[in-house]
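Visitor: Listed below, chain by chain, are the residues.
Protein chains: 2
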Amino acid sequence: MTESFVEIYDTTLRDGAQGEGLAYTVEDKLKIVRALDEFGVAYIEGGWPGANPKDVEFFERAKSLQLKNTRLAAFGSTRRANGIASDDAVVQGLLAAETPIVTIFGKSWDFHVDIAIKTTLEENLRMIADTVSHLNACGRRVFYDAEHFFDGFRANSEYALDSLNAAVQAGAETIILCDTNGGSLPEQVAETIALVRSRFPNARLGIHCHNDGELAVANTLAAVEAGVTHIQGVFNGYGERCGNANLCSVIPNLELKMGRQCLPPGKLKMLTHTSRYVNEVANLVPNERAAFVGRSAFAHKGGIHVSAVARAKETYEHIHPEDVGNETRVLISDQSGVSNIRFKADGLSEDFQKNPAAARDLLAQLKTLEHEGYQFEDAEASFQLLALSALGRRKKLFEPVEYRIWIGSSGDPEAIVRLKVGDEEVHTASLGVGPAHALDLALRKALLPHYPQITRFHLIDYKVRILDGEKATAAKTRVHVETSDGERSWNTVGVGENIIAATWQAIVESIEYGLQVNGQEIKNVMPQ
Amino acid sequence: MTESFVEIYDTTLRDGAQGEGLAYTVEDKLKIVRALDEFGVAYIEGGWPGANPKDVEFFERAKSLQLKNTRLAAFGSTRRANGIASDDAVVQGLLAAETPIVTIFGKSWDFHVDIAIKTTLEENLRMIADTVSHLNACGRRVFYDAEHFFDGFRANSEYALDSLNAAVQAGAETIILCDTNGGSLPEQVAETIALVRSRFPNARLGIHCHNDGELAVANTLAAVEAGVTHIQGVFNGYGERCGNANLCSVIPNLELKMGRQCLPPGKLKMLTHTSRYVNEVANLVPNERAAFVGRSAFAHKGGIHVSAVARAKETYEHIHPEDVGNETRVLISDQSGVSNIRFKADGLSEDFQKNPAAARDLLAQLKTLEHEGYQFEDAEASFQLLALSALGRRKKLFEPVEYRIWIGSSGDPEAIVRLKVGDEEVHTASLGVGPAHALDLALRKALLPHYPQITRFHLIDYKVRILDGEKATAAKTRVHVETSDGERSWNTVGVGENIIAATWQAIVESIEYGLQVNGQEIKNVMPQ
Chain Y
34 MTESFVEIYD
44 TTLRDGAQGE
54 GLAYTVEDKL
64 KIVRALDEFG
74 VAYIEGGWPG
84 ANPKDVEFFE
94 RAKSLQLKNT
104 RLAAFGSTRR
114 ANGIASDDAV
124 VQGLLAAETP
134 IVTIFGKSWD
144 FHVDIAIKTT
154 LEENLRMIAD
164 TVSHLNACGR
174 RVFYDAEHFF
184 DGFRANSEYA
194 LDSLNAAVQA
204 GAETIILCDT
214 NGGSLPEQVA
224 ETIALVRSRF
234 PNARLGIHCH
244 NDGELAVANT
254 LAAVEAGVTH
264 IQGVFNGYGE
274 RCGNANLCSV
284 IPNLELKMGR
294 QCLPPGKLKM
304 LTHTSRYVNE
314 VANLVPNERA
324 AFVGRSAFAH
334 KGGIHVSAVA
344 RAKETYEHIH
354 PEDVGNETRV
364 LISDQSGVSN
374 IRFKADGLSE
384 DFQKNPAAAR
394 DLLAQLKTLE
404 HEGYQFEDAE
414 ASFQLLALSA
424 LGRRKKLFEP
434 VEYRIWIGSS
444 GDPEAIVRLK
454 VGDEEVHTAS
464 LGVGPAHALD
474 LALRKALLPH
484 YPQITRFHLI
494 DYKVRILDGE
504 KATAAKTRVH
514 VETSDGERSW
524 NTVGVGENII
534 AATWQAIVES
544 IEYGLQVNGQ
554 EIKNVMPQ
Chain E
34 MTESFVEIYD
44 TTLRDGAQGE
54 GLAYTVEDKL
64 KIVRALDEFG
74 VAYIEGGWPG
84 ANPKDVEFFE
94 RAKSLQLKNT
104 RLAAFGSTRR
114 ANGIASDDAV
124 VQGLLAAETP
134 IVTIFGKSWD
144 FHVDIAIKTT
154 LEENLRMIAD
164 TVSHLNACGR
174 RVFYDAEHFF
184 DGFRANSEYA
194 LDSLNAAVQA
204 GAETIILCDT
214 NGGSLPEQVA
224 ETIALVRSRF
234 PNARLGIHCH
244 NDGELAVANT
254 LAAVEAGVTH
264 IQGVFNGYGE
274 RCGNANLCSV
284 IPNLELKMGR
294 QCLPPGKLKM
304 LTHTSRYVNE
314 VANLVPNERA
324 AFVGRSAFAH
334 KGGIHVSAVA
344 RAKETYEHIH
354 PEDVGNETRV
364 LISDQSGVSN
374 IRFKADGLSE
384 DFQKNPAAAR
394 DLLAQLKTLE
404 HEGYQFEDAE
414 ASFQLLALSA
424 LGRRKKLFEP
434 VEYRIWIGSS
444 GDPEAIVRLK
454 VGDEEVHTAS
464 LGVGPAHALD
474 LALRKALLPH
484 YPQITRFHLI
494 DYKVRILDGE
504 KATAAKTRVH
514 VETSDGERSW
524 NTVGVGENII
534 AATWQAIVES
544 IEYGLQVNGQ
554 EIKNVMPQ
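Chains Y and E, in that order, give the protein sequences. For the first sequence, the working numbering gives the first residue as 34, with consecutive numbering after it. For the second sequence, the working numbering gives the first residue as 34, with consecutive numbering after it.
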């Protein structure tokens with residue numbers, strides 16, 4: 034614990050779970066706790082015990098976790114108005130979770146005391162003080178979340194400070210100032226914290242920001258500059274409305290740019306992996322443009338940028354991507370040169386260096402395909418298959434012979450496929466909810482006996498782009514398919530006037546690429 | 034132009050187009066220009082004329098646009114090292130675009146002069162000065178983008194300032210400081226700008242930020258606090274790597290929180306619509322959590338929040354969502370919803386005012402359909418058909434009975450359709466290059482004898498979006514179809530797990546809408 038240490042309090046499982054589209058199972062929550070412990074956050078807020086049976090079960094099962102770096106916190110409200118803390122159901126639920134830390138939230142904003150919990154300003158202060166004292170007396174470390182602190186401070190600064198004082202005097206270990214509505218500006222946060230610090234010079238202060246102004250990261254950093262040493266946030270910025278402060282951006286900014294320490298040494302390199310793992314468990318579409326950890330975060334497209342990056346990466350990269358476990362990617366587009374090919378053909382660049390004729394052939398083929406409407410910047414797997422072909426190293430794992438589809442306005446679409454696998458011809462069929470689904474299922478059914486690993490592959494995204502709108506429904510179609518094997522994902526592309534033919538091509542390549550990788554034909558897959 | 038005015042320079046079509054997965058057609062670019070002009074940004078950077086045939090065609094076609102609020106800028110580099118500006122191909126391309134503004138970028142970072150453009154520090158200054166002077170002499174207003182200014186200033190502040198001085202002395206109207214690698218912190222931006230202002234007290238300064246630290250919005254706001262009055266950014270924050278400063282967050286923060294004016298009065302309410310329209314045209318998965326404009330931005334999930342919001346929306350909302358054209362998502366049947374219906378139902382608003390029950394029915398139906406995945410932001414024609422139905426005024430022009438399609442890996446897809454037109458049943462078939470084409474042709478063939486005006490309708494765009502990627506090829510699909518009759522165009526939407534069923538729905542509605550309009554059933558079509 035150096036002077037510069039800032040403790041990270043992760044609330045991915047509690048406040049993050051308020052985000053639209055998120056619904057963790059208990060197993061999901063335990064997985065995320067293990068991953069974040071390994072990553073090294075100081076605290077994890079696991080949920081609100083008593084709020085629902087799932088959180089009760091989570092805290093019960095969490096008791097047997099062997100955590101190395103992190104401590105669990107249970108979250109809940111202060112006691113009800115005009116009640117007694119020791120008799121309060123919420124408070125009893127918090128104690129039953131048996132976590133070393135209990136975090137409670139209380140009201141700082143006089144307007145909220147009046148309109149939301151409908152009690153007097155004095156009783157609200159007693160609710161805070163009583164609850165903190167009781168939890169302390171029961172042997173818990175108590176963190177106090179001052180809900181709506183910044184709005185409350187703008188409305189009635191004296192009352193907002195009184196509410197903090199109630200928690201401080203009752204023995205709260207850390208006082209967290211919450212920008213609950215997410216509307217504060219960095220300057221406002223910094224000024225307010227300076228005032229709070231002058232009033233409570235000995236209190237440990239924390240910050241909890243929401244992203245409603247797209248400023249949660251900046252507000253969190255401003256708070257640290259102003260003296261806060263405890264940060265609440267969420268992995269990948271999930272959370273209610275626009276989400277909470279994104280720890281995947283807060284942590285590297287603090288460690289790489291502001292000279293603060295948040296994690297055990299060496300852990301920052303796990304950031305990208307941990308971010309993607311949490312996203313996979315949460316089962317959300319990843320934000321490719323995410324700072325530091327996104328797939329596009331160090332992806333270069335413009336010709337000028339690519340050639341400069343090839344000479345010195347710092348020309349267009351603000352940090353070394355390896356420092357956060359990410360990597361440089363070069364996107365193939367119509368300005369590409371032979372050196373791009375080498376840079377891009379991941380795991381094959383040595384082979385191309387030894388075989389410049391193959392690199393030139395591949396480049397010529399790419400230009401032709403791009404002219405036809407193919408785009409490889411988001412289809413690295415199709416590109417890698419072309420690269421293997423150019424080197425004469427693409428194994429023939431199976432050969433599509435024919436497909437047919439029937440679709441009607443009633444009943445499910447039906448697909449029939451014929452393939453060759455080795456000397457054997459496989460002929461099978463499947464229904465599906467749509468033609469792509471039917472084709473996908475039929476293809477898998479045909480290949481499964483020969484390649485059982487196919488069960489791990491899942492199509493996770495499917496995009497269609499019409500290339501020449503003026504040709505109306507006769508226009509060429511480009512289909513992108515993204516497939517995951519649970520750890521990594523890859524993209525393929527298909528093009529044609531018939532959307533089904535383009536889809537078939539992209540699906541066939543997505544399966545083939547997964548099988549080639551499993552057969553070690555390609556040394557690296559782009560990490561998801 | 035008040036003291037507090039900050040001009041918005043939109044580069045969605047140029048720097049934004051560097052984003053992964055983005056590939057605008059010329060038609061897309063023209064659509065976005067019209068939408069942003071209507072919204073009221075001061076400047077639009079349309080592209081780099083000469084860099085590729087697409088941008089040349091764009092500027093050629095843009096010459097005939099009648100713009101009300103915005104002025105077009107062409108973007109490019111300074112002349113090459115040791116060349117002559119008037120002979121330089123890039124500079125000639127910029128002039129050929131015939132835009133009132135030309136924006137050129139030059140190098141501020143000594144390291145880049147050396148490693149990227151490989152010339153002397155002195156020649157780099159001459160490249161800047163010559164190019165600005167020549168463009169000025171040719172009657173252009175010149176904006177100067179100081180690429181990598183903040184990195185350059187950290188490395189060699191005197192040289193970075195000298196590079197600005199070259200542009201200022203040569204007559205550049207605005208000097209834009211670019212955080213090209215996106216790694217600066219707000220404090221660094223503010224301090225640097227203060228120094229630049231003291232050196233160039235009379236220059237108009239601008240800011241151009243990238244989001245590599247998730248700080249582009251904060252850096253942009255910090256720059257405005259420090260005295261900058263010109264902001265470059267991108268709608269929805271598209272752009273290379275992590276994207277550019279997101280104008281959808283920058284603008285409302287400035288207007289609603291910082292007392293600055295960026296847009297003509299009353300335009301801020303179009304923010305959400307414009308954001309979603311641009312996203313539809315770009316055909317990207319929308320960011321539901323986006324600040325201000327996301328579908329989740331004012332969506333309340335937690336029980337405590339929902340009940341508090343029901344009592345007073347400011348309990349958990351930092352602004353009034355209507356101020357940016359967005360809405361709270363828990364108040365299903367509030368008045369603003371019904372008045373929204375009246376606002377959206379173009380040409381029918383008087384009818385809805387007379388028939389509030391129909392407005393409420395339509396609202397309820399919309400909520401259900403949106404829950405199923407429909408989105409009417411860019412499907413006004415489907416919305417208008419629903420509105421006609423709610424008013425009991427949708428004429429039954431034809432009734433689809435059945436369709437069937439055969440698709441195979443060889444031969445063209447074949448579609449068979451059965452329709453009722455009046456008492457007559459029409460049964461016909463067509464081949465097509467793809468299933469949508471075959472369906473479209475068969476439908477037209479069936480309707481042509483009864484509605485000859487159908488020959489004027491052309492499908493001009495067709496888009497497909499997968500709604501729930503985690504369901505793989507079984508995911509729900511949303512199809513958008515755009516149709517033109519040569520003068521006007523309209524958009525329809527279809528949703529379903531079967532892409533063909535969704536396509537059929539969108540095509541049928543596109544034809545029906547065109548026929549309803551020709552029959553004067555609807556007074557206005559949304560302008561393209």
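Hints are computed from structural coordinates only; laboratory data are not their basis. It should be emphasised that the depicted structure is a prediction, and the values quoted were computed from it without experimental measurement. Hints may contain errors.
Identical copies look the same in the list; a pair holds intra-copy or inter-copy alike.
[To be verified] BS3-like cross-link-like pairs, simulated, lysine-lysine; straight-line CA separation at most 25 angstroms: (1) K400 / K87; (2) K429 / K151; (3) K478 / K509; (4) K96 / K290; (5) K509 / K64; (6) K400 / K96; (7) K346 / K151; (8) K96 / K429; (9) K453 / K478; (10) K87 / K64; (11) K509 / K87; (12) K509 / K300; (13) K101 / K151; (14) K428 / K509; (15) K300 / K290; (16) K151 / K478; (17) K302 / K96.
Visitor: Could you run down the list of hints and mark each one as holding or not?
Guide: Evaluated hints:
no. : hint        : in the structure
1   : K400 / K87  : between (40 angstroms within a copy, 16 angstroms between copies)
2   : K429 / K151 : neither (70 angstroms within a copy, 46 angstroms between copies)
3   : K478 / K509 : between (29 angstroms within a copy, 22 angstroms between copies)
4   : K96 / K290  : neither (37 angstroms within a copy, 46 angstroms between copies)
5   : K509 / K64  : between (27 angstroms within a copy, 21 angstroms between copies)
6   : K400 / K96  : neither (41 angstroms within a copy, 31 angstroms between copies)
7   : K346 / K151 : between (58 angstroms within a copy, 16 angstroms between copies)
8   : K96 / K429  : neither (43 angstroms within a copy, 53 angstroms between copies)
9   : K453 / K478 : within (13 angstroms within a copy, 40 angstroms between copies)
10  : K87 / K64   : within (15 angstroms within a copy, 49 angstroms between copies)
11  : K509 / K87  : between (33 angstroms within a copy, 18 angstroms between copies)
12  : K509 / K300 : neither (34 angstroms within a copy, 37 angstroms between copies)
13  : K101 / K151 : neither (43 angstroms within a copy, 51 angstroms between copies)
14  : K428 / K509 : neither (29 angstroms within a copy, 34 angstroms between copies)
15  : K300 / K290 : within (16 angstroms within a copy, 38 angstroms between copies)
16  : K151 / K478 : neither (61 angstroms within a copy, 57 angstroms between copies)
17  : K302 / K96  : neither (29 angstroms within a copy, 51 angstroms between copies)
When each numbered hint is compared with the structure, violations occur for hints 2, 4, 6, 8, 12, 13, 14, 16, 17.
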